[in-house]
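**Student:** Work the whole structure out from these sequences, hints included.
Chains as they are written, first to last, in my numbering: chain D, 2 to 335; chain H, 25 to 312; chain P, 70 to 513.
Hints were generated in silico from the structure; no laboratory data involved. Here a beta-carbon is modelled for each residue, glycine too, at the ideal position from N, C-alpha and C. Hints are not guaranteed to be accurate.
[Unchecked claim] To spell it out: a stretch of chain P is covered by chain H in this simulated footprint if at least three of its residues, at any positions, have a beta carbon under 8 Å from a beta carbon of chain H; those stretches are:
#	stretch
1	156-162
2	405-413
3	420-434
4	494-500
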Amino acid sequence: MNKLLVVSPSPHTHSGESTSRLMYNVVLALAPALAVTLFYFGMGALVVTLISITSCLLFEYLIQKFLLKVKPTISDGSALVTGLILAFNLPSNLPWWIVVIGAIIAIGVGKMSFGGLGNNPFNPALVGRVFLLISFPVHMTSWPLPIESRMSYINAVTGATPLAIVKEGLGKGDTMSVISEQIPSHMQLFMGTMGGSLGEIAAFALIIGFVWLLVTKVITWHIPVSIFTTIVAFTGILWLINPQANADPLFHLLTGGVMLGAIFMATDYVTSPMHPKGMWIFGVGIGLITVIIRVWGAYPEGISFAILIMNAFVPLINRYVKPKRFGEEVKKNG
Amino acid sequence: MSYSIIISTVLMLSALGVLAAVVLYLVAQKFKVYEDPRIDAVEAVLPGANCGGCGYPGCRGFAEAFVKADDITDMFCPPGGNAVFAAAAKVVGKDAVAQDPMIAVVRCAGAPQHRPKTSVYNGASSCKSATTIFSGDTGCQFGCLGLGDCVEVCKFDAIHIDVATGLPVVSEENCTACGACIKACPKSIIELRKKGPKGKRIFVSCVNKDKGGIAKKSCAVACIGCNLCVKACPHDSIVIENFLAYIDFNKCKLCRKCVEVCPTGAILEANFPPRKKKEEVEVGSETA
Amino acid sequence: MLKTFPKGGVHPAEKKLSASRPIEVLPLPEQVSIPIAQHIGTPATPVVAKGDSVRVGQLIAKSNGFVSANIHSSVSGVVESLDPILDSSGYKKPAITIKIEGDEWMEGIDRTADVKKEISLSAEELIVKINEAGIVGLGGATFPSHVKLAVPKGKKVDVLIINGVECEPYLTSDHRLMLEKADELMVGIMVLKKVLGAERALIGIENNKRDAIAHLKNVSTGYPGIEVYPLRVKYPQGGEKQLIKALIKREVPSGGLPIDVGTVVHNVGTTLAVYEAVQKGKPLVERIVTITGKGVKNPGNYLVRIGTPISKLIEAAGGLPEDVGKVVNGGPMMGKTINSVEAPVTKGTSGVILFPSKESLRGEAQPSCIRCGKCVAACPMGLEPYLLNQLAQRRLYDRMEPERVVDCMECGSCSFACPANLPLLDYIRLGKAEVFAMIRARKS
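**Tutor:** Shown next as structure tokens:
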């Protein structure tokens with residue numbers, strides 16, 4: 002024997018799964034929604050997305066290289082995903098420097114300050130988004146109208162989101178039948194013809210992405226489905242009690258960031274529970290908080306806050322909600 | 025209107041503060057636990073490294089046991105040394121018996137040039153993990169694996185893997201003889217020995233229990249159990265068991281005769297001045 | 070829908086290269102080295118000395134206590150030494166090295182191929198026979214079989230489970246055995262049923278061995294109370310607890326044994342050995358071993374005498390390929406790497422797999438766990454490997470016990486599934502050993 006044999010502990014084979022493959026599959030799953038948003042918002046969407054991605058990658062690289070002095074890991078795709086999702090959470094007419102600030106907060110504060118990928122308690126893109134929402138409320142809530150504002154970036158024609166219209170209308174004391182004339186139909190909502198953040202408008206494109214994530218086994222169904230179920234159940238009860246004072250469950254499901262949040266942000270590995278039991282608690286919590294903020298809170302939309310709040314509970318859930326151990330119940334009974 | 029808001033706020037908060045203070049006071053009274061004040065005093069003189077070298081869980085644990093103990097002759101704080109221990113003994117009004125300073129010694133000198141590799145380890149970087157699947161990546165199944173479990177447990181930055189030899193090196197200054205590395209080493213290579221006058225000490229840097237021929241084949245600097253050192257020792261301090269020599273540091277008078285006769289250079293001397301006569305004698309590394 | 074176990078599991082690529090190769094007899098080597106510790110439990114005590122002449126089937130090391138097993142000479146010749154040799158555990162361990170002269174068997178061993186179906190002995194006599202023959206679990210665990218067959222007072226075994234799952238990729242020795250020795254296997258099952266007093270015997274086989282399933286279904290019609298069940302392919306279905314759960318939906322309690330739920334599991338190889346010991350008077354001196362791997366010219370299944378150097382097996386399969394980086398004794402999920410091809414085949418060697426150097430080194434581990442939960446989903450025992458790994462790395466062994474690390478069977482599903490390539494099982498195994506040490510210390 003001229004060559005030395007390798008000695009290693011079992012197993013001696015691997016699934017071939019890798020962090021970067023998972024991340025790039027998320028990017029692929031976001032592609033349909035990106036295509037739709039480019040169709041509706043054109044220029045603005047393109048500019049915001051590119052700036053967000055580039056600055057996220059750049060900040061991750063710079064912080065790892067010069068501040069933390071470790072080998073940069075931008076090729077693992079996680080910063081790319083953060084950049085995309087951050088962009089998806091912004092209006093398409095947002096000035097470029099605000100996008101850059103959002104990226105700094107997302108990567109620098111949301112991710113790197115905790116030690117990088119795997120250690121951040123909160124979804125980095127959402128940290129960036131909520132920071133911007135609180136710091137630049139006017140910029141962050143003036144939504145360009147789809148299609149009409151396709152060729153413009155900053156000076157796009159803006160309007161309110163369906164959720165804001167409903168909130169304002171109900172606040173004034175209007176009934177749902179009056180308000181419903183001002184908002185798009187359910188079919189339009191499903192296709193994404195409404196004002197809103199870049200990536201949250203087209204439910205159908207996001208659902209295609211969801212299917213892709215399930216097929217490639219990047220995520221399991223538990224978190225999105227538990228969020229959807231909770232929102233439908235909660236708003237459904239309210240709607241049944243008083244259909245004139247509450248929007249219907251389908252409207253709640255299709256508007257705002259529910260689809261994007263439930264499918265792509267709540268399922269972020271690092272900031273979600275590790276196994277189905279915990280995922281259900283997490284998803285139900287997000288659903289409840291979202292509806293509470295939407296119906297009784299100051300903001301028309303609440304999924305971002307809901308996810309961040311539940312993110313904070315994830316360590317607790319992981320600690321106290323354990324998967325069912327094999328052979329456990331039998332031991333208790335016998 | 026605005027005054028009344030301010031006043032009511034101030035009153036409200038003050039009331040809350042007072043209430044909290046009362047509750048805290050009552051709780052503190054109810055759950056008060058008497059503690060011997062000497063425990064704090066002893067803990068204060070200890071180094072506070074919580075290394076566990078004394079055999080108790082941390083300095084506090086030691087202090088508690090120390091204050092309670094009737095007989096303290098078996099107790100010692102290795103990182104603190106005699107001065108700290110004497111100070112601690114003073115707190116409880118007992119006399120401390122001075123102990124010889126000790127140091128951790130690595131009993132393997134099988135650098136790559138002496139001990140050729142026979143396989144490549146590819147797994148978690150942990151000696152203990154490696155021992156679950158094989159005896160080592162060289163012909164010697166007793167020697168150091170070099171994956172640094174000892175380095176990882178050292179709280180005093182006193183042991184490091186030498187890049188050239190792949191073996192751990194103990195720092196004379198930093199080592200407190202707490203014994204953490206000894207417990208961590210799955211090969212039982214590290215041992216506590218008397219530091220010796222001015223750090224001078226002699227030891228067999230090998231733990232290979234194979235027959236001489238086999239040991240020699242797997243490592244050029246292995247102890248082959250040839251008995252030459254036993255014969256050379258004028259103080260009767262060397263014994264051979266399982267083809268392996270061991271020097272009793274309580275009997276050794278540091279005459280260095282064994283070092284001179286060892287055919288493989290397995291006996292090392294540390295911190296001795298260079299020999300005057302320019303003989304062709306194999307001298308071990310100065311660092312041990 | 071075929072049966073399988075519900076929780077966890079992974080799907081490694083099957084790569085059963087040698088499934089179509091009939092079992093061949095490996096030519097005798099010049100000498101064999103038979104380790105005295107080939108089983109779980111106390112090593113056997115040698116009863117021969119250097120220079121003694123031995124014959125095939127002669128007792129050369131005696132079982133030392135209840136959880137131990139006899140060891141017989143697998144060849145005839147002269148005992149050359151009792152010195153330790155480097156065996157497949159990676160350590161030098163005492164072994165009896167015999168220089169081969171001829172091939173003389175002990176009297177009373179029936180070497181004909183006739184299938185003897187009548188079981189004349191009583192259950193007690195059968196156990197004694199099995200104990201004497203030195204039979205251990207041939208699936209790889211090498212637990213002495215007579216211990217599993219001794220039903221403690223107050224317990225009853227109603228179902229005997231025969232493990233023909235062979236869920237490890239590459240390995241095909243059990244597959245071939247089921248195809249070629251079906252009748253012998255059935256008689257072996259009847260013997261085990263008699264010993265245990267079980268009414269039913271279920272053979273579990275994964276559905277990737279359809280020919281074996283069909284063949285055994287066919288043959289089993291001639292024997293009462295034997296049923297063959299195809300199972301959905303999923304690793305680690307061959308794990309005792311998983312197989313029981315899959316076949317009869319009973320869950321072995323944590324820290325318990327199959328007998329606590331009224332069943333006992335034996336591997337098909339073990340069952341064949343039981344047949345040979347009881348009906349043919351032949352102790353465990355040879356076993357079927359798969360030799361396979363990418364780059365192996367003639368992957369195949371061989372009947373090998375215990376103690377034969379693995380290098381001889383590789384020779385028979387067309388020699389050591391130029392590019393070989395790793396030699397694994399057992400399957401790719403749970404097998405052990407060996408650091409010398411001169412290590413002997415032992416009772417637990419179900420296969421030898423050669424990996425080319427490209428597949429030998431693990432992928433580079435990512436800097437951190439991304440908490441994807443894939444390990445939790447993969448763990449068939451419902452544990453949280455990511456957490457156990459963290460605790461073990463931080464040496465928080467006392468916190469690992471309530472997390473049930475002792476339930477870990479080291480199947481490797483977690484490391485297999487980890488996208489960050491973390492050596493999860495390495496650290497969990499370490500922590501498990503520490504926890505067991507802690508428990509032992511507490512008991513004493």
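**Student:** Against this structure, judge whether each hint is valid.
**Tutor:** A quick look at each hint next to the structure:
no. : hint    : result
1   : 156-162 : holds (count 4)
2   : 405-413 : holds (count 4)
3   : 420-434 : holds (count 3)
4   : 494-500 : holds (count 4)
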